[in-house]
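A.B. asks: Same order as they appear, the protein sequences are chains G and S. All you need for the numbering used here is the position in the first sequence, starting with 1, plus 152. All you need for the numbering used here is the position in the second sequence, starting with 1, plus 58.
Honestly, I wouldn't trust all of these hints.
To be verified - Residues from chain G that face chain S, not an exhaustive set, calculated with beta carbons under 8 Å:
#, residue
1, S294
2, F296
3, V298
4, K301
5, V321
6, L322
7, I324
8, G381
9, P394
10, Q398
11, D401
12, K404
Claimed, not checked - A partial selection of chain G residues facing chain S, derived with a Cβ cut-off under 10 Å:
#, residue
13, G155
14, L156
15, A158
16, Y159
17, L163
18, I164
19, F307
20, S314
21, R320
22, G323
Hints in this document: simulated from the structure, not taken from any laboratory. Since the model is a prediction, treat every value here as computed from it, not as a measurement. Cβ atoms here follow ideal geometry from the backbone N, Cα and C, with glycine treated the same way.
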Amino acid sequence: MLGLDAYHLSLITAVGISVGVALSLNLITGFCGQISLGHAAFYGTGAYCAALLTKAGVPFALGLASGALLAAVLGVVVGLASLRVRHDFLAITTMGVGFLFIGVVRQQDVLGGELGVSAIPDPGLGKAGFALLCVGFAAAVSAFSVYVKRSWMGFVFDAVASDEDTARVLGIDVPRYKLAAFALGTALAGLGGGLYAHNVKFIAPDSFGFVESITILAMVVIGGIGSVGGVVLAAVVLSLLPQWFQFIDDYKLLLYGGLLFAVMRFSPGGLAGATRAVLARMRGA
Amino acid sequence: MNGQLLKLESVTVTFGGVVALSEVTFSLESSELLGLIGPNGAGKTTALRSITGVVTPQHGTVTVAGHDLSGLSIQARARLGLGFSQQLVRPFFNLSLLDNVALAAGHAITRSPRRALFARDRSRQRAQALELLERVGIADAAASAPAELPLGYLKRLEVARALALSPRLLLLDEPLAGLNQQEARRLADTLRELNGDGLSMLLIEHNLSEVMRICARLVVLDNGRKIAEGVPGEVMSRADVRRAYLGESYAQA
Ligand SMILES: Nc1ncnc2c1ncn2[C@@H]1O[C@H](COP(=O)(O)OP(=O)(O)O)[C@@H](O)[C@H]1O
Ligand SMILES: [Mg+2]
């Protein structure tokens, strides 16, 4: 990594954060089947919390951990509220949480209001060190995702995502599993947010709005809901594209919204599902 | 071993204007195989659902081994030892037959998300699941996806999955529907064996010859009311029971 120039290090850093955050939503939406159109709110919570704390002199690691914790607390609260609603309503509820987050942050002077938080202190790891940390974050969330998928928790998530009512008949406490998914997924999103804040050193409400939520969801859906490998690939590609093609940045909502629609319409299994289908056809031929 | 395991007292359930169950009272002794019969729309499934918690009675109480179930969630009731095989099959379509049953067999692990997060090995539960699939006669399809299988398999999957919960009371809603005569007879024999080993069962079933063969006692519902109760031979010779039934089978013929 040390041979890379600053530009490539910053790309690697951004990609690492995106992969981790996309996988954090994948725990909730992909594994447990709970759609969220407001994931950026948790990412933003972690970012604001960590940034304000390190600005106040708290050590970087403690700031990151606090951001993750606060995001998880908020995640559990939203999870509790969402236990009463299902499917399409959950989409609307989480979208509402996303807008609420932006609305509240904009109004609060302590949170920097419209102007955001600037001059976030440098963690002192150097560009390469920070890039390495973000890659480590992505790798750790990937490993954790694979672990969860193969654990009994992942087994239960499969059942909850498929048919909640039947899961209950089998004695499974569905609400507690949903809350576990929300807590884990939002904590990791909060951690990603803290990393993001200390990478760009300046955050504003717009960084955590609806477009960001849709971008994260697009990575999960395009990658293939629930597939760790597919989501990693989609997160890498979708976070690099806007860096290479500047104009994409202006049309993100249109592009990702369109991609989301196309995937749901033509290949509900996303990249992972399409790959499996192609492999099966090649084997069959 | 003896004593009342299940008791419904004056259970009334209405859906909008429709009275599905009206003041229904009956009980099931420990180790009993009780048949619950009646024509279509009589309220049998509704009675079962008021036990599992899928529907909430407007009136009346359901107790299992002395526990009043009112206010308990579906999952809490399952954990009290109720195994439920549903009339309309509900397999997890994203899991193989074997894993559908293995998940239920892991109920001691899945009880707590924390335990589930730290447990990975599924081999014991899969072995147990395979035994249960063998027991109900569908082990040949263990690796198949539910979407590829006929109804007769999925009905037996429901039974195997309920058994995997190691229930103290097995609630079966038309488990023989969709099975051919030979398969139905075999599954009915299996149910009788399980009951012989001490498992208590409430069996809803339209296949009257199998019901008469394996149940020691029947409760008959018609139009949401209990119209008869007793040993099968006597119950089925009653004029009101025959009328409720024959009326329907003529209508169906
Ligand atoms: N969820 C429901 N909503 C409205 N009506 C229902 C519902 N479930 C059952 N019913 C009505 O209640 C009556 C009893 O139904 P059910 O218990 O399914 O009968 P059975 O299992 O004996 O055939 C029927 O008239 C049925 O239409
Ligand atoms: Mg019925």
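A.B. asks: Please list, smallest to largest, the hint numbers that this structure does not respect.
C.D. replies: 1, 2, 3, 4, 8, 9, 10, 11, 12, 13, 14, 15, 16, 17, 18
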